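> The residues making up each chain are set out below.
2 protein chains.
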Amino acid sequence: MEDLKKYINEIIDFPKDGIVFKDINPIYKEPKRWNEIMLPLQKLISTTKPDYIAGIESRGFISASALSFKHEIGFVPIRKPNKLPGKVIGVNYKLEYGEDRLEIQQNSIEKDSKVIVVDDLLATGGSASAAGKLIREAGGNLIGYAFLVELTELGGRNKLDSNLFVESIIKY
Amino acid sequence: MEDLKKYINEIIDFPKDGIVFKDINPIYKEPKRWNEIMLPLQKLISTTKPDYIAGIESRGFISASALSFKHEIGFVPIRKPNKLPGKVIGVNYKLEYGEDRLEIQQNSIEKDSKVIVVDDLLATGGSASAAGKLIREAGGNLIGYAFLVELTELGGRNKLDSNLFVESIIKY
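Protein sequences appear in the order of chains S and R. Here our numbering is used: position 172 in the first sequence is 172, and no number is missing along the way. Here our numbering is used: position 36 in the second sequence is 1036, and no number is missing along the way.
So that you can see chain S by itself, here it is in the shape it has in the complex:
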């Protein structure tokens, strides 16, 4: 998968100084490339047979929805605060400075159903870990995580339950 890195643009000092942003949008605009990079996740879905794929707003919606629709699996959105209507469950999590929060709709998934959390990027693991808690609080059976890109030196993987699979395609 090393050669797929050439399709990822590195943007210096975005969204703030000192960060090198991995821009994976160039992958989505070329369908063959996109399908190729997603093959390991498609295989993972075929073997683990989740009932739902949960996507984290908003970049995570892209891959999670794509996989769900093509493979005929339910898609469930995990969103930033006050975006989901009706009754929601929320989890706060720490950022480098301050705190953030993710929410899921109550009754969005069947009890004990198998759920995979999908996002574009695994960095510090804060949002992924919070998303996993939300799935469990909503009654789901969290079976694993899948990411397009992993920034391994940030150690996000260590924040996630070691009993679950954590799949990432392109590692930095």
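To be clear, the hints were calculated from the coordinates, so they are not data collected in a lab. Keep in mind the model is a prediction, meaning the values are calculated, not measured. Note that beta-carbon positions come from the ideal geometry of N, C-alpha and C, so glycine has one too. Please note: incorrect hints may appear among the correct ones.
Output of the computed footprint for chain S on chain R, the stretches with three or more beta carbons under 8 angstroms from beta carbons of chain S [unchecked claim]:
id	stretch
1	1023-1032
2	1065-1072
3	1100-1110
4	1158-1166
Using the hints, position chain R against chain S.
For chain R alone, kept in the frame of chain S given last:
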């Protein structure tokens, strides 16, 4: 398509007083239902053969990405300000109170390529109209719009170029 309305939850006074929010998340979590509601858009794509589908952040990412990936068409994100890295093109548009802005990455689409803008909901048409301008400023050939839900009494359709197709599946 009238019977599909039973899968849409109406949430009173969300996100603010006086608004009845159409919650279409229940559609996504049932793959058969989701595929059924998307059939007209899938047919539209098969007949119009766009080169790209542009999705408007963040709910529009869900349908746009789903359609793109399954039908092997390029997906291009249109996002809120300061979310897209690198060089961007922006368009401001009016809201009921105040103003908002959408952006697209420069060089995100090939010149004169055929593009459809997809969003979950057509309301006043402000964001859809802005998205269309972005496609043209980015060099694309905007051929039409597709929405899951249209709130017809808000007249959003009238804000969109009458030479283009404007497809919506469930009309209120």
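> Hint by hint, say whether it matches the structure.
We went through each hint and held it up to the structure:
1. 1023-1032: It holds, with 7 qualifying residues against the three required.
2. 1065-1072: holds (count 7)
3. 1100-1110: holds (count 3)
4. 1158-1166: This one is violated; 0 residues, fewer than the three required, reach chain S with a Cβ under 8 angstroms.
Of the numbered hints given earlier, the model fails hint 4 alone.
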